[in-house]
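Participant: Just so you know, the sequences run in chain order S and G. Residues in the first sequence are numbered consecutively from 116, following my numbering. Residues in the second sequence are numbered consecutively from 22, following my numbering.
I should point out that these hints are in silico values taken from the structure, not numbers from a laboratory. Just to be clear, a hint being listed does not mean it is correct.
Unchecked claim - Reference listing, derived: stretches of chain G covered by chain S, where coverage requires no fewer than 3 residues with Cβ under 8 Å from a Cβ of chain S:
#: 1; segment: 25-36
#: 2; segment: 42-56
#: 3; segment: 147-154
For glycine and all other residues, C-beta sits at the position ideal for the given N, C-alpha and C.
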Amino acid sequence: MRYVRPGTVDEAVSLLNSEPESCVFAGATDLVPQMQGGRPEPKLMIDLKGIPRLVKVSYSNGQLVVGAATPVSIVKVDDNLKAAFPGLSESSGLIGSDQIQNRASLGGNLCTASPGADTIPSLMVNSARVVIASSGGTRTIPVSDVVTGPGSVSLKSNEFVVEFILDAPPKRTADAYLRFIPRTEMDIAVVGAAARLTLDDADCCTEALVAIGAAAPTVVRAPVAENALRGNPINDETLAEVMAAASAVCSPISDKRGTKEYRRQVAGVLAKRVVLQAAKRAKEKGGAV
Amino acid sequence: MNRTHVTCMINDDETEFLCDNDESLLDALRDEVGLTGAKEGCGTGDCGACSIILNGQLICACLAFAPEANGGTIETVEGMADGDRLHPLQTSFLEEASLQCGVCTPGFLMAAKALLENNPDPTETEVRYAIAGNLCRCTGYDKIVRAVLGAAAQMRKNPIEGARP
Ligand SMILES: Cc1cc2nc3c(=O)[nH]c(=O)nc-3n(C[C@H](O)[C@H](O)[C@H](O)COP(=O)(O)OP(=O)(O)OC[C@H]3O[C@@H](n4cnc5c(N)ncnc54)[C@H](O)[C@@H]3O)c2cc1C
Ligand code: FES
Ligand code: FES
């Protein structure tokens with residue numbers, strides 16, 4: 116195995132094309148445990164952390180751009196990101212310990228494609244897009260088109276994620292993320308839920324996105340819950356529909372963290388709480404970057 | 022297999038070592054450099070016994086590849102004391118009896134050092150979150166938390182002479 120640390124996107128692209136059995140990585144917090152668990156060792160390891168564009172958070176033209184290899188310890192404390200996307204800051208801050216957060220990246224969290232990945236629901240409710248590089252140049256696709264199943268992604272083997280793009284949210288718009296784990300730190304989600312709401316001046320919901328993690332083979336949107344919210348005030352009746360729809364969209368497995376029935380129920384409860392949290396924030400803040 | 026030549030600063034000393042490309046930074050520190058302070062408890066990022074500071078950031082050395090250290094700066098528990106003079110955290114751990122078997126201690130010391138460098142006056146809750154990535158099977162954590170809070174108070178009163186920024 117060879118180790119390389121390219122300094123530009125172009126260099127990384129040509130390295131990736133030079134060796135079919137190559138693998139990009141950022142924090143290696145998923146890669147190392149996977150290799151210990153039997154994932155075949157690549158011939159070429161491409162460390163993305165040496166490319167400045169991939170390790171920064173920036174703003175231009177009303178867009179937030181997060182480099183794919185930026186440690187989540189930076190993502191979670193970035194002031195502008197926190198103001199515009201408090202839920203994404205929350206989900207980034209829930210990953211592992213300080214040691215893990217100083218290495219773990221959004222690119223790695225997405226491309227590991229775990230159903231329980233904490234940042235994917237937040238990226239999805241904010242309609243984040245990813246810029247993907249290959250020898251053909253770059254293309255931009257929605258985050259929701261990346262994960263195709265547990266551990267599998269739509270990227271070709273000679274492609275990698277350069278950065279995430281999020282549009283500044285409109286007024287009276289906010290997101291939130293909640294996860295349920297049996298302890299307060301260092302565990303993988305039993306269920307995670309993200310919501311983003313836009314409210315009008317009468318606190319009626321005009322736009323809603325809801326995503327549930329760890330309760331299906333991939334993170335899933337809850338369109339029925341979103342429809343129940345759109346055009347309605349956030350009252351008990353709306354919330355009851357959100358709960359039922361969030362539970363119904365799940366196709367969970369039973370494992371040591373919880374049974375199917377339990378996960379379905381927790382998904383409903385978390386969806387309700389996260390919608391209330393997002394609504395509270397939307398009322399409190401304007402929401403523009 | 023071709024071995025890679027790595028040059029880096031370890032505890033303020035310029036250090037060179039040869040490593041395999043798939044070797045973890047933890048194995049390289051222990052087996053190539055001979056610094057056995059950082060321990061392997063799990064090898065999967067869960068226990069924090071291998072905690073070190075790489076380029077100013079607290080990380081699990083078991084999850085980093087050794088060649089990543091090339092050109093970088095590493096701090097390990099071996100660099101905490103100034104000659105015979107222990108770091109206030111080390112003294113505080115001894116005074117509070119914050120260790121029994123001691124396998125976890127180098128990791129806790131590095132995590133605590135990283136915390137106090139960013140936050141010299143942490144609350145108990147902040148200390149508990151900062152050491153959430155470190156497991157101890159002996160002490161029950163309370164004594165470790167007390168030692169970190171005690172050292173923080175001590176260091177606010179008496180900043181370490183010549184401490185590195
Ligand atoms: C102790 C511990 C606790 C954890 N806790 C959590 C948790 O609470 N929540 C959670 O969601 N996750 C958790 N994780 C998993 C992991 O830390 C995260 O998924 C992290 O975001 C992965 O990022 P990374 O940069 O380390 O990925 P890497 O390990 O570097 O890469 C992971 C995978 O993605 C690919 N990849 C990486 N970057 C790119 C890119 N830019 N383009 C294309 N492919 C890429 C790699 O080839 C590899 O297959 C934990 C892991 C550990 C060890
Ligand atoms: S040995 Fe690295 S975290 Fe346990
Ligand atoms: S003192 Fe034994 S594990 Fe902490």
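Participant: Taking 8 Å as the Cβ threshold, is the statement that the segment 42-56 of chain G is covered by chain S upheld or broken by the three-residue rule?
Facilitator: holds (count 3)
Participant: Quick one: see if chain S covers the segment 25-36 of chain G, three-plus residues with Cβ-Cβ under 8 Å.
Facilitator: Violated - the segment 25-36 of chain G has 1 residues with a Cβ nearer than 8 Å to chain S, which falls short of three.
Participant: Test coverage of the segment 147-154 of chain G by chain S using CB-CB distances below 8 Å; three residues minimum.
Facilitator: holds (count 4)
The structure fails to meet hint 1 from the earlier list, while all remaining hints are met.
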